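Student: With chain A's structure known, arrange chain B on it following the hints.
Protein chains: 2
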Amino acid sequence: MENMKRTATCGELNSSRVGETVTLNGWVHRNRDHGGILFINLRDRYGITQVVIDEDASAPLKEKAKELKFEYCIAVVGIVRRRPDEMVNKDMNTGEIEVAASQIEILTKCDVLPFMIDEKSDAKEDLRLKYRYLDLRSFSMQRKIRLRTDVTFAAREFLIGKGFMEIETPTMIKSTPEGARDFLVPSRIHAGKFYALPQSPQLYKQILMVSGFDRYFQIAHCFRDEDARGDRQPEHTQIDMEMSFVSKDDVFEVVEGMMSHIFDKTLGVKLEIPFQRLPYDDALNRFGSDKPDLRFGLEMKTVDELASKSGFNAFKSVIAEGGCVKALVASGCAGYSRKQISELEDAAKVYGAKGLAWMKVGESGIEGGVSKFFDGIADELLASLEAQEGDLILMVGDKWNVACTSLGAVRSKLGKDLGLIEAGTFRFCWIVDFPLFEYNEEEQRWEAAHHMFTMPQEQYLDTLEENPGAVKGDLYDLVCNGFELASGSIRIHDPEIQKRIFNIVGFSSEEAENRFGFLLNAFRYGPPPHGGIAPGLDRLVMIMAGENSIKEVIAFPKNNQAYSPMDDSPSLVDEDQLKMLHIKLDMPEKEEES
Amino acid sequence: MENMKRTATCGELNSSRVGETVTLNGWVHRNRDHGGILFINLRDRYGITQVVIDEDASAPLKEKAKELKFEYCIAVVGIVRRRPDEMVNKDMNTGEIEVAASQIEILTKCDVLPFMIDEKSDAKEDLRLKYRYLDLRSFSMQRKIRLRTDVTFAAREFLIGKGFMEIETPTMIKSTPEGARDFLVPSRIHAGKFYALPQSPQLYKQILMVSGFDRYFQIAHCFRDEDARGDRQPEHTQIDMEMSFVSKDDVFEVVEGMMSHIFDKTLGVKLEIPFQRLPYDDALNRFGSDKPDLRFGLEMKTVDELASKSGFNAFKSVIAEGGCVKALVASGCAGYSRKQISELEDAAKVYGAKGLAWMKVGESGIEGGVSKFFDGIADELLASLEAQEGDLILMVGDKWNVACTSLGAVRSKLGKDLGLIEAGTFRFCWIVDFPLFEYNEEEQRWEAAHHMFTMPQEQYLDTLEENPGAVKGDLYDLVCNGFELASGSIRIHDPEIQKRIFNIVGFSSEEAENRFGFLLNAFRYGPPPHGGIAPGLDRLVMIMAGENSIKEVIAFPKNNQAYSPMDDSPSLVDEDQLKMLHIKLDMPEKEEES
Chain A
1 MENMKRTATC GELNSSRVGE TVTLNGWVHR NRDHGGILFI NLRDRYGITQ
51 VVIDEDASAP LKEKAKELKF EYCIAVVGIV RRRPDEMVNK DMNTGEIEVA
101 ASQIEILTKC DVLPFMIDEK SDAKEDLRLK YRYLDLRSFS MQRKIRLRTD
151 VTFAAREFLI GKGFMEIETP TMIKSTPEGA RDFLVPSRIH AGKFYALPQS
201 PQLYKQILMV SGFDRYFQIA HCFRDEDARG DRQPEHTQID MEMSFVSKDD
251 VFEVVEGMMS HIFDKTLGVK LEIPFQRLPY DDALNRFGSD KPDLRFGLEM
301 KTVDELASKS GFNAFKSVIA EGGCVKALVA SGCAGYSRKQ ISELEDAAKV
351 YGAKGLAWMK VGESGIEGGV SKFFDGIADE LLASLEAQEG DLILMVGDKW
401 NVACTSLGAV RSKLGKDLGL IEAGTFRFCW IVDFPLFEYN EEEQRWEAAH
451 HMFTMPQEQY LDTLEENPGA VKGDLYDLVC NGFELASGSI RIHDPEIQKR
501 IFNIVGFSSE EAENRFGFLL NAFRYGPPPH GGIAPGLDRL VMIMAGENSI
551 KEVIAFPKNN QAYSPMDDSP SLVDEDQLKM LHIKLDMPEK EEES
Chain B
1 MENMKRTATC GELNSSRVGE TVTLNGWVHR NRDHGGILFI NLRDRYGITQ
51 VVIDEDASAP LKEKAKELKF EYCIAVVGIV RRRPDEMVNK DMNTGEIEVA
101 ASQIEILTKC DVLPFMIDEK SDAKEDLRLK YRYLDLRSFS MQRKIRLRTD
151 VTFAAREFLI GKGFMEIETP TMIKSTPEGA RDFLVPSRIH AGKFYALPQS
201 PQLYKQILMV SGFDRYFQIA HCFRDEDARG DRQPEHTQID MEMSFVSKDD
251 VFEVVEGMMS HIFDKTLGVK LEIPFQRLPY DDALNRFGSD KPDLRFGLEM
301 KTVDELASKS GFNAFKSVIA EGGCVKALVA SGCAGYSRKQ ISELEDAAKV
351 YGAKGLAWMK VGESGIEGGV SKFFDGIADE LLASLEAQEG DLILMVGDKW
401 NVACTSLGAV RSKLGKDLGL IEAGTFRFCW IVDFPLFEYN EEEQRWEAAH
451 HMFTMPQEQY LDTLEENPGA VKGDLYDLVC NGFELASGSI RIHDPEIQKR
501 IFNIVGFSSE EAENRFGFLL NAFRYGPPPH GGIAPGLDRL VMIMAGENSI
551 KEVIAFPKNN QAYSPMDDSP SLVDEDQLKM LHIKLDMPEK EEES
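Line by line, the protein sequences are chains A and B.
With the numbering used here, letter number 329 in the first sequence gets 329, and the count goes up by one each step, no holes.
With the numbering used here, letter number 342 in the second sequence gets 342, and the count goes up by one each step, no holes.
Pulled out of the complex, with its shape left as it was, chain A reads as follows (with noise of 0.2 Å):
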């Protein structure tokens, strides 16, 4: 193709590019016959530009140009051209122009599409993924894509700026005892023994701050056998970075100034920073979520004592057992019905509500749901919770924790049914002061909210063993539009804080030594103070994208079962293969797979 190769891209010719001879290549994206002169949508990376046959081109030239099929490759030669006024196309960059063809090559056919190369794409999603090249190839998927690769360059930029080293860290690796969600490598030369694929780099990351990197990143490929359940992919890739000598404070400068410079660069949009910081208590308590969507108001208030004064027998039961009373208003919404109401509810359910009580406040006061119940108190209650005529008023009675989850779910829920989410903003915030354990109801014992390598605050080193749920971490957590996008903490260097730690959670030294042996090692070796966080890169692109499946901002996604319809994998393999490997299959026995 040397003689037909390329002179300009489709995107790029303009007016003032009007009498040039150029050689286009590209794909038909759309073709057709308009009494007698022939239209070509010629498609790259770059644009569109309209390919014309004039009436009196050649017969050879006509010939070819009917021959023509939505998306066959082809290479044109051909004059630009202004177009005639009334053609001219104010949206395209290139709709001043056209080219008139002379010569036209098909480089390459294609076979009858299984769905249109287009913007809105109804295929099914499994059809999609079969032939990801096609779809791959509609402007939308490139957009997402071209903006992975921006914010991606972006963060890298911005890192290497401030003097953070990207260092590669080994994808195989340990396997830890434990370690469920492995995906393992069975070893060839080392019969018997496997390696794991990294859950993320993070003991490699922290025995970099111990070998004095100082401030690391690496966008890193991470996996996780998950089960198939949500928008999950078995791989997935996240900015992670480790910084030593630092508090929480620094790390968050770092990620508010990479996030800024990100959305800054790629959409244009200029974020507020530093980000708010939200307590985790404040979070439940005023969103009912550790993953606030704070693009919207909607905040809940407690009216534990109001309830209490109330005629409401369940409430008054949950506040003497140590629960609370969470409310919330829905301005506007006392016309909503008992099926409205009823959906409300259902959400909070999901979060172990065992019902959503509500009342409506109209002309005359509150009436209806469970207002009999507070007639008393009913101008307390308006006033403190700011309530006005054709006001809904939502509450839930619980465990605090349960309160507050569940009507943070109606909360989200009434956040998008009310269109009260502008597109195209982005609400980050830091959620701060999480507990450090978390007790496990079903093994009665405390386990790490996080990992095992979080730092308490310092003003808990005291009373660790004394009250552990009391205790918060130098933990965080960035949050976007609802998304829990990264979480971090300050790491524990010192070897008796972490000894400690260990005995709280139930873990015996050989345990601790089995599975984290190589870093309790280098600890012995001056490790310096460090933390560091890690970014989602998938979700983040979603976001940024306003998709709602990391799936649409990944190249080459696995579909919900972790299967790749295009490649078909996973597959079967020889015998003689495992074989070399020192395994054999150990089949389920009565699912057997044909």
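Please note that the accuracy of each hint is not assured.
Here are the simulated lysine-lysine pairs, DSSO-like style, with alpha carbons at most 27 Å apart [what the hints assert, rightly or not]:
no. : chain 1 : residue 1 : chain 2 : residue 2
1   : A       : Lys248    : B       : Lys109
2   : A       : Lys316    : A       : Lys248
3   : B       : Lys5      : A       : Lys162
4   : B       : Lys5      : A       : Lys579
If you're looking for bench data, these hints aren't it; they were derived computationally from the structure.
Quantities reported herein were computed from a predicted structural model and do not represent experimental measurements.
Tutor: This is chain B only, laid out in the frame that chain A set:
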């Protein structure tokens, strides 16, 4: 450590900062008591600062300072002051100043070191790898990892600037039959099926071209289950690239631009571009290698004609059988001993030569070795080889390939022995016009020299089947200082040509479908002409750092047995874990591991 956080690094203080009170964080690199004055060399990633505890310092401060041992991680508060004139060290950034300590805090202690943190460690490799976190603390390792970071970012910067998109391809892909070097990953969800780790993103990057991304790159992790030999790693990194609508000149231009940018930005070295292009045949004829080291001359010559006229029957019969005689002049080596010549012969024999013929050029012409057979044609020989008194002439007669490569090995050895290689120089070249097919004598069939998607050069299209051995491919290698840095090719986009290639290598359509089905499917939908290349990052950085092993430029390499002494991987895993993955061990009977 909030109140002891650094206000300066150990690399930044100089005489402009005299008088400032600073806090430093770092490691005790060296410390000494000098007549009651204590000196600490405090180290971090950025440099070393001399900390002084004066004779009149407080007793508690002196006590603390005396507690310090190598590699304790400490914080120091003190005043920057000018060093006494006789103590100024012009070789250090911080050599004009010292910090007079007023406060020292031990952040963490350090056990006795297995080896000193130093520039020149002669610790055994496995010990270095076991304590990699300590090995990485040396300035020498820090520099190499820093160089890798910088090279990687410079590559990205250049390619992004040229309109390339970095796109992540999957790490868990389809295992292909005959994928003997594939690492496999058993699937839990799909019992009995396996993913493979990619040996390269080859098929996926070609798919991306079918998708219209036009210019793709990725700093890609690749996995190959190699036999433990030489300087191999189970995972390596390549700068993977692919471009649409291009010829090899376009690929060369991008790679030359990228290398120039990388060398200039990271080493300040200006590369001469364009790189020399050497046809494969020339490279073998002149330098005896398809990865010639061009940092020195010592070119070989063909002396078939003279050898036929000589009285040396070994040469005459080689030529009669279609072989070839190659000669090399080692300037000034007439004094070489039998032993030295015999060492050169050993080098030749590695590549299959039966012997190394030699003669010296003395005062009165050629002498010794095979000189007597060249009696009548001595002058002609000397003239043709431009050999002079004091030179040593070396010759190999054999099949062309054997003669070239054997004498090429002699050339390489001489280059090193004679000190012809200037350190810190980089000589790149392109090797072009490679044969497309190689004949596999064992299996008595043609096979692809590179891979089956390489485009034959246009002039051979008519005669592919007639004479496969003569066909040159659109195939190229990038060579630097005698190392192959990259292989690439223009790919076949025409299904008819692809079929012919499969036929020639004896690939049935079932096999083709089975191995490359999803790429061949994609090629039914208008693939663009495309080509690419993939420079190895590890080797590039190794060459730039002047090292001989890629382990020196990988943060956490495996040893030559694909084992990591630091984290003990690969390792045994629980049977339960295997059960979940539907596999069990199938150990070699007589070598069960303890």
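Student: State the violated hints by number, sorted upward, taking the hints as numbered earlier in the document.
Tutor: 2, 4
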